[in-house]
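From first to last, the protein sequence lines stand for chains A and B. So in our numbering the end of the first sequence lands on 101, straight run, no missing numbers. So in our numbering the end of the second sequence lands on 448, straight run, no missing numbers.
Note that these hints are calculated values from the structure, not bench results. Please note that a few of the clues may not be correct.
Said to hold, decoys possible - In silico EDC-like cross-links for lysine to aspartate or glutamate, where the CA-CA straight-line distance does not exceed 16 Å:
(1) A:Lys38 x A:Glu100
(2) A:Lys90 x B:Glu265
(3) A:Lys90 x B:Glu130
(4) A:Lys16 x B:Glu130
(5) A:Lys16 x B:Asp361
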Amino acid sequence: MKRKLASLAHCRAGDKGDTLILSLFPFRDEDFPMLAEKVTADAVKAHLAHIVRGAVLRYELPNLPALQFVCERALETGVTTSLALDPHGKTMSYALLEMEV
Amino acid sequence: MARRHLRIGAGAGFQGDRLEPAVVLASQGELDYLVLECLAERTVALAQRERLRDPSAGYDPLLETRMEALLPIIARNRVRLITNMGAANPRGAGRKAAEIARRLGLNLRIAVVTGDDVSARMRSDMTTLESGRPLRDYGELVSANAYLGADTLQPALARAADVIITGRVADPSLFLAPMIFEFGWKLDDWDHLAQGTIIGHLLECAGQVSGGYFADPGLKDVPDLAHLGFPFADVDSDGFGVISKVPGTGGAVNARTVKEQLLYEVTDPTGYVTPDVVSDFRSVRIAEVGKDRVAVGGATGHPRTDTLKVSVGYHAGWIGEGEMSYAGANARARAGLAAEVLQERLGADIPSLRIDLIGIDAAHHTSFGYPHDPYEVRLRVAGRTETRDHAERIGWEVEALATNGPAGGGGFWRHVSDRIGIVSTLIPRAEVLTAAAIVEAGREAKAR
């Protein structure tokens with residue numbers, strides 16, 4: 001059965017220019033291997049196809065545990081010149097949590 | 001003799017941050033240092049524009065408010081204050097702080113750190129990191145400020161300044177500076193610098209590590225968020241730190257809040273570049289060691305880069321916005337019709353025009369298959385223009401929907417702003433010359 005990431009993990013979004021950074025943390029450490037297997041860079045790129053126009057790079061941090069997604073060309077040129085309602089992309093953490101695994 | 005232990009607090013994490021938690025932290029936190037981080041990427045550029053209008057301005061507009069509230073407390077409790085509230089005019093900020101201290105009868109030594117303004121060193125052929133295009137493509141520049149490191153604060157610390165005011169300094173470096181000074185860390189002691197940088201990075205957004213920007217009712221509950229306390233770190237001379245907050249304040253410091261903040265805005269956790277060191281997060285360990293106490297250790301460091309990042313502000317034209325609400329039966333269709341009408345009326349003249357329906361797809365361009373139309377939606381229109389007149393037209397056309405658009409539009413709002421864009425470039429360290437000076441604020445200070 002598929003579940004939304006929102007029930008398995010928490011997430012925070014950050015920005016650097018036009019780059020959106022999404023940090024994903026399992027609520028339970030033992031879910032990390034499953035998340036690492038399912039929430040790949042490609043899967044995130046497909047899920048956020050409406051948002052991310054560039055590459056998605058994933059870093060694995062089993063020491064925390066966490067996955068860090070660095071999404072390029074995702075913020076309509078960045079906070080200072082974007083026309084978006086949320087120019088920082090701060091709400092994007094919850095866009096990732098809509099993903100089903 | 002070098003100290004073994006320091007307590008450093010974070011009293012602001014952005015320009016407009018709340019004042020009350022900083023007062024509580026300074027009063028009851030038993031701090032050695034209080035750091036106020038108040039400069040976002042664009043803030044210096046905006047401040048530079050203020051300074052062009054008025055040469056005595058260009059520092060943080062809340063400087064006076066924060067100093068009046070905090071200087072008496074830090075004088076009484078012997079806490080040293082470090083802040084980047086100097087923005088585009090650290091000297092002017094230093095003079096203002098000295099004036100406030102004198103008025104309040106406080107005997108405080110105030111230092112300013114200058115040299116981050118590198119606008120005279122910018123060349124039109126310098127490459128921007130974001131687009132790879134040369135600076136000349138961005139037209140007239142407003143400001144250029146290098147991110148200075150913790151090394152640039154050492155002279156002011158050595159001269160026993162009670163208050164140190166800087167312009168652009170990398171956020172974690174504001175916190176690392178007192179660790180280097182008090183523990184006697186060498187500037188090539190990469191592991192210690194990385195560890196201190198991580199602690200600084202955890203503190204730089206203040207309440208964001210102590211339960212702010214974290215609560216999600218039922219999933220991630222935070223007690224007494226209304227009275228969120230700001231954090232401090234207990235750091236020892238080995239670079240091992242414990243993040244905590246003042247007992248009795250709201251919020252929470254736990255492994256989850258610390259992890260979220262650890263990775264916040266980090267584009268490469270294997271090599272986090274600051275002016276002082278390149279830090280690797282892959283060896284970081286986080287552990288809850290008590291109520292609202294989280295230990296952080298294990299970061300490893302690599303030699304700093306030969307260049308400093310420069311944040312360059314440029315004129316980016318104007319943005320016009322307008323909004324209108326629709327509610328009740330068929331609200332989405334009526335808002336959608338309004339969007340079509342506006343596209344027809346404005347689209348030809350304003351190619352950048354963007355129209356969203358707040359409540360449907362404004363934040364994420366999609367609602368991921370959520371099935372139901374909401375009871376109410378808010379139409380939002382925004383466009384980037386070369387001139388103010390064009391930007392104004394956007395709001396006017398939204399306003400005109402009142403009598404020239406679909407039924408039942410209400411709650412109209414419009415706004416126009418001129419934009420300063422930010423791009424980055426790199427500058428060799430040798431080209432950035434910094435200085436620290438003690439502010440001489442009048443006879444009292446000179447006589448001391």
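Structure-based check of each hint:
1. A:Lys38 x A:Glu100: 9 Å, holds
2. A:Lys90 x B:Glu265: Answer holds: Lys90 of chain A to Glu265 of chain B is near 11 Å, not above 16 Å.
3. A:Lys90 x B:Glu130: 20 Å, violated
4. A:Lys16 x B:Glu130: With a Cα-Cα distance of about 10 Å, the restraint between Lys16 of chain A and Glu130 of chain B holds, given a limit of 16 Å.
5. A:Lys16 x B:Asp361: Violated: Lys16 of chain A and Asp361 of chain B sit about 23 Å apart, past 16 Å.
Comparing the model with each earlier hint shows violations of hints 3, 5; every other hint is respected.
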